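Peer 1: The chain contents come next:
2 protein chains.
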Amino acid sequence: MLNPKDLLLYLCTDRVLALGRPLAGAVEEAIAGGVTMVQLREKEASSREFYEIALELRALTRRHHVPLVIDDRLDIALAAGAEGLHIGQSDLPLAAARRLAGKDMFIGVSVSTVEEALEAERNGADYLGAGAVYPTGSKADAGEAVGLGRLAAICAAAKIPVVGIGGVNVDNAGAVIKAGAAGIAVISGILSQPSIGGAARGLRRVLDEGKIRG
Amino acid sequence: MLNPKDLLLYLCTDRVLALGRPLAGAVEEAIAGGVTMVQLREKEASSREFYEIALELRALTRRHHVPLVIDDRLDIALAAGAEGLHIGQSDLPLAAARRLAGKDMFIGVSVSTVEEALEAERNGADYLGAGAVYPTGSKADAGEAVGLGRLAAICAAAKIPVVGIGGVNVDNAGAVIKAGAAGIAVISGILSQPSIGGAARGLRRVLDEGKIRG
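Residue numbers (the working numbering), protein chains in the order written: chain W, 69 to 282; chain E, 69 to 282.
Worth double-checking, as some hints may not be accurate.
The list cannot tell twin chains apart, which means a pair is met if one copy fits it or any two copies do.
Straight-line Cα separation of at most 35 Å, DSBU-like style, residue types lysine-lysine; simulated pairs [what the hints assert, rightly or not]:
(1) Lys111 to Lys279
(2) Lys111 to Lys207
(3) Lys111 to Lys171
(4) Lys246 to Lys171
(5) Lys227 to Lys279
(6) Lys73 to Lys171
In case anyone wonders, no lab produced these hints; they're calculated from the structure. Just so you know, these numbers come straight off a predicted model, no measurement behind them.
With the hints as extra help, turn the sequences into a complete structure.
Peer 2: Okay, structure coming up:
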């Protein structure tokens, strides 16, 4: 089951964007800095590698009581005992994933329009990743930025919680929360920074302030 | 449940090696020519595409009473309702796949040594794909050819049925069966031929003769 509070500062991994630093260490540093949920994304790894990294992160996130989400690969999520699955519009359809995931696993869906958001909600998504909010180079398949207006429309239309993803940083994270998001999802804004823990702490401070003011 | 007879002429797909011919049509022609089992391999497709092709082949193979096997992706195999899963040495570990696959799905494992064969058998594999028997260009990850001697050793050591894969054609298929294999797995030997149905018929004739003589 998803606790919407866990969406506040959602780290999505990318080994390339971690600038060569080992992923487990980088994730642990980010959690120490205040990351509340971790998504493992592996677009190039073999299934065996993906599974082994998932097991490694699973042990680490469990120790820190932070949910682990697997991107795209439901089989890896099930095999590694992850709490969640995240699927994009070119992944397994949500209805098919929902049937196999069992009722304990939560599922998030990437959306970039109100229509996609409502469809995902109808099909049983537990949260939405909406974006790209701002232009970003972190995801090759992120598409054009949807902007704060569209993010606000998605947040208003959906009953399930929404995280804003794409180009979110300390300067604009407050605006994303103000638009109605339950949190932000970040890749390079944490993993590509000289201090991973410092970057997470900086974002967390802005988010906590935004929540208090909001 | 696997019927070992279905391993006799096992077609593994590859959209590139089908020389641009639509996959469903090519598979149907191969089945009409005598293919007894079909494995869907998609190394480049998105999960959504993989799932959709799997559903298409699922309908087709079911109509012809031929089992469908999915390469690597247990989630696609489960979602599409395939009869089998095939895993290589860099895919999900067999024990993890076995736990999730349920008892109705059979699992085959690629091996190239007697040790790998015995380990897969111990961990619950239902059949083995041993190779590459002969040098082949069809699979980038096929490794060096193991030869007929090693194939015979694997067939002798394993209690579960073995299919020979890699460079098998009408001229050497009889020798593969003589080495103890329950069948052959073929990619380009069928899919890259001018007449897919004709190639399957030619192989099937050799195999049926081999079985009678053996």
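Peer 1: What label fits Lys73 with Lys171 when the C-alpha limit is 35 Å: within, between, both, or neither?
Peer 2: within (20 Å within a copy, 38 Å between copies)
Peer 1: Between copies, within a copy, both or neither: which fits Lys111 and Lys171 at Cα up to 35 Å?
Peer 2: both (26 Å within a copy, 30 Å between copies)
Peer 1: Can you tell me if Lys246 and Lys171 fall within 35 Å by alpha carbon in one copy, between copies, both or neither?
Peer 2: within (31 Å within a copy, 50 Å between copies)
Peer 1: Checking Lys111 and Lys279: alpha-carbon separation at most 35 Å within a copy, between copies, both or neither?
Peer 2: within (33 Å within a copy, 44 Å between copies)
Peer 1: Using 35 Å as the alpha carbon limit, work out where Lys227 and Lys279 are close: within a copy, between copies, both or neither.
Peer 2: Only inside one copy: Lys227 and Lys279 sit 19 Å apart there, 63 Å across copies, limit 35 Å.
Peer 1: Quick one: Lys111 to Lys207, C-alpha cut-off 35 Å, is that within a copy, between copies, both, or neither?
Peer 2: Both: 11 Å inside a copy, 20 Å across copies.
The structure is consistent with each of the numbered hints, conforming to all of them.
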